[in-house]
Amino acid sequence: MILISCLAQVPYKSISEQSTESVPAGKSQIVFVRFSSKMSGSKVPAVLFELSDEKEILISPIPNESKVTYNVEPGKHLFMVHSTEAADFLEADILPNRIYYVMVRPFPGAIFWRFSFAPFRKSGDSEFIIGSDNFMKWVAQSINVEKSEETLDWHNKKHVDVSNKRKKYLPKWKSKSLKQRNSQTLSSDDGILIGK
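Take the sequence shown: its position 104, counted from the start at 1, is 95 in the numbering used here, and no numbers get skipped.
None of the hints are false.
In the DSS-like style, the derived pairs of lysine-lysine whose C-alpha atoms are separated by at most 30 Å in a straight line are: (1) Lys46 - Lys165; (2) Lys128 - Lys113; (3) Lys4 - Lys148; (4) Lys46 - Lys149; (5) Lys128 - Lys138; (6) Lys170 - Lys113; (7) Lys167 - Lys149; (8) Lys138 - Lys18; (9) Lys163 - Lys34; (10) Lys67 - Lys163; (11) Lys46 - Lys167; (12) Lys46 - Lys67; (13) Lys170 - Lys46; (14) Lys167 - Lys67.
Pairwise CB distance ranges (calculated): (15) Asp180 - Asn135: 23 to 29 Å; (16) Asn147 - Ser114: 39 to 45 Å; (17) Ala101 - Pro65: 34 to 40 Å; (18) Leu42 - Ser123: 28 to 34 Å; (19) Ser179 - Ile48: 17 to 23 Å; (20) Lys170 - Ser123: 19 to 25 Å; (21) Asn125 - Thr176: 19 to 25 Å; (22) Lys159 - Ala16: 37 to 43 Å; (23) Asn125 - Arg172: 20 to 26 Å; (24) Gln0 - Asp84: 31 to 37 Å.
Calculated directly from the structure, the hints in this document are not laboratory data. C-beta: ideal position from N, C-alpha, C; glycine also.
Use the sequences and the hints to build the structure in full.
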């Protein structure tokens, strides 16, 4: 019963398809995608945040087979994915008027599945390549979601846990090797110029 309670989904709402036309001039979009097998933590909730020096800014829950579109200012950003058991992080260096894609992928934890970020690259030996067959499937078959009023209520109740996970896991993430950190960094070159 305790496990079932812990795995209660974080509320969200589905929205109609978004397009690049909704990107304000001079800004860019990051599209976070979550798409994994039913056996890979598909019922475990994951929630996206952008981090500032003082707080965690709620972006949206991201259930399995969904995507979250987030408009950002150019420059450097730090994102967090929060789950029942842990948190993980993504650095990003954003150029204007571009679309970036990031996979939110599960991996086994001590008790529950955890999540990490994998940026989609334009080329290379990563399994996350923009334009690949898997990329097209994941983006096309995932629904658009965003936070709701109920999500804000959830965050009000859970903000201490969210903050504590940031304090616990961010130092561990910063202590990773440069190679590991780079694999979880969204480079300015990863963006697709809007209209191209």
